[in-house]
Amino acid sequence: MNTAEDRLKKIEAQEYQDMVDQTKPKPTVVKNCIWAFVVGGLICTLGQVIMNFFSARGLSQVDAGSATAVVLVFLAALFTGLGWYDVLGKRAGAGSIVPITGFANAIVASAMEFKREGYIFGVGARIFSVAGPTLVFGFVVAVVIGLIKVVFG
Amino acid sequence: MANQKKLGMQSIKFENPPVLTAWATIVGPKEGEGPWGSYFDWILEDYEFGEQTWEKAESKLLRETVKLALSKKNYQPQDIELMVSGDLLNQITSSNYAARELQIPFLGMYGACSTMAESLLTAAMAIDGGYFERAVAAVSSHHYTAERQFRFPTEQGTQRSMTGQWTVTGAGAVVLEKGVYGGPRVTCATIGKIIDLGQKDVNDMGSAMAPAAADTIKQHLDDTNRPSDYYDLIVTGDLGKVGSALIKQLFVKHGIVPEPNYSDCGVLIFNETQDVHAGGSGCGCSAAMLCGPLLKKMEEGKIKRLLLVATGALMSPTTSFQGESIPGIAHAVALEYL
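The listed protein sequences correspond, in order, to chains Y and L.
Start counting the first sequence at 8; every next residue gets the next number (my numbering).
Start counting the second sequence at 384; every next residue gets the next number (my numbering).
Please keep in mind that the hints were generated in silico from the structure rather than gathered at the bench.
It cannot be assumed that every hint is accurate.
To be verified - One side of the interface only, derived from the structure: several residues of chain L facing chain Y at Cβ under 8 angstroms:
id, residue
1, G513
2, Q532
3, Q539
4, T541
5, R543
6, M545
7, L580
8, D587
9, V625
10, Q632
Virtual Cβ for every residue (Gly too), placed ideally from N, Cα, C.
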């Protein structure tokens, strides 16, 4: 019926999209990558140092790994509470989101944010509002891999 | 009978233009550090304003700004017959709680960041319509309440996009009166249409709102039969750097000459060094600029005719997650020293 009108609208939107694409500042990809690489690398190096420390004290490989995760999560939570982690994240991007410290930051930030709505409907209900997807799809993948192992293992 | 007060398609003119007799603005610390710090009535030392939550702080900010504007004319809240007010939060709670304390008959407005112009023109219509003699139009926004409602928890380490804008912490209030001489007057206004050209990036509101602002400005000039240089300044609300670069291209397309009397509150309110990426946004952005520097300059006679075009991106996190595009709106209010 009004296909001509629809088409005109589409063309107008496309024209505008082109204009926007030309005008928008380009994200600073190279700078962001360097920041992410350096910060992400430093966090991982710190993890390795902690792990070597625990291994040298006689913990097994698996136990040293768990202890390292505990320490890193604690540090990220502490720095989130002190208001430092978001300053780092602003520059480092994926470099501080991808390591386990980013996961801790997402949970603690949500907990701090929603504390004012109380412990049940605030902290309890919203603590995983950002980290939730990681958990859900982490579980899904775990189940899938488990099944693969059962079938082919 | 021809309608005498309506102009063209979308504009109205005020027969007895209501006068802005008093105005006030209170802003947050970051805004105070900006280029207009000395023009604001009051700069907060922190974002809590002595309250337990940011939402309470924003409501107090709005309430205190209204009180401050009233005090400049020695009015009490009971002297005011109508309060037209809005903010960015769900159910416009900042305004509701401010109105609860002030006990002024209250109309709540929501126009996202366009609310200052929307409130101003609604209050002006109520006065010129002969229903009220004294009204107050006010809005507020708060960086952290907006951030947690529309984006991420504030302590989360996320990277902001280059097109992202910084929600202004600030409130502005204007007292409008009938039949008082002296002061800038609201002479006409244009109610905008929603224009949506399919922009979906919630980190780029400027691009979503620019077509609406261009449309409203063009409609205003057509309806009122005024050339664009009739105004000493045409100022949009919060298009930011990206949006105002776009609107300049749209002006050319519409045959409007914007230079040199066009600017944008979102670009003006912060310094380049304040790391706000594309500029300021929020209802408080146009409100703080209007009730701070712009009206001050009108009072000093440096600006005689001002067209305030506050712009709003009328989306919610829910609709954007559902894949809806961002509807943009802009309302224009002409302020003139007669």
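How the hints compare with the structure:
1. Contact between L:G513 and chain Y, as hinted, is not supported at the beta carbon level, the nearest pair being about 42 angstroms apart and thus beyond 8 angstroms.
2. Hint status for L:Q532: violated, given a least beta-carbon distance of 11 angstroms to chain Y, over 8 angstroms.
3. The beta carbon of L:Q539 comes within 4 angstroms of a beta carbon in chain Y, closer than 8 angstroms, and the hint placing it at the interface holds.
4. At a threshold of 8 angstroms, the smallest CB-CB gap from L:T541 to chain Y is about 6 angstroms, leaving the interface hint in force.
5. The beta carbon of L:R543 comes within 7 angstroms of a beta carbon in chain Y, closer than 8 angstroms, and the hint placing it at the interface holds.
6. For L:M545, the interface hint holds, the least distance from its beta-carbon to any beta-carbon of chain Y being 5 angstroms, beneath 8 angstroms.
7. Satisfaction of the interface hint for L:L580 is found here, the shortest Cβ-Cβ separation to chain Y being roughly 4 angstroms, below the 8 angstroms cut-off.
8. Look at L:D587: its Cβ gets to within about 7 angstroms of chain Y, closer than 8 angstroms, so that hint holds up.
9. The beta carbon of L:V625 is positioned within 8 angstroms of a beta carbon in chain Y (closest approach about 6 angstroms), and the interface hint is therefore held.
10. Taking 8 angstroms as the C-beta contact cut-off toward chain Y, the hint placing L:Q632 at the interface holds, the least distance being around 6 angstroms.
Hint compliance for this structure: hints 1 and 2 are broken, all remaining hints hold.
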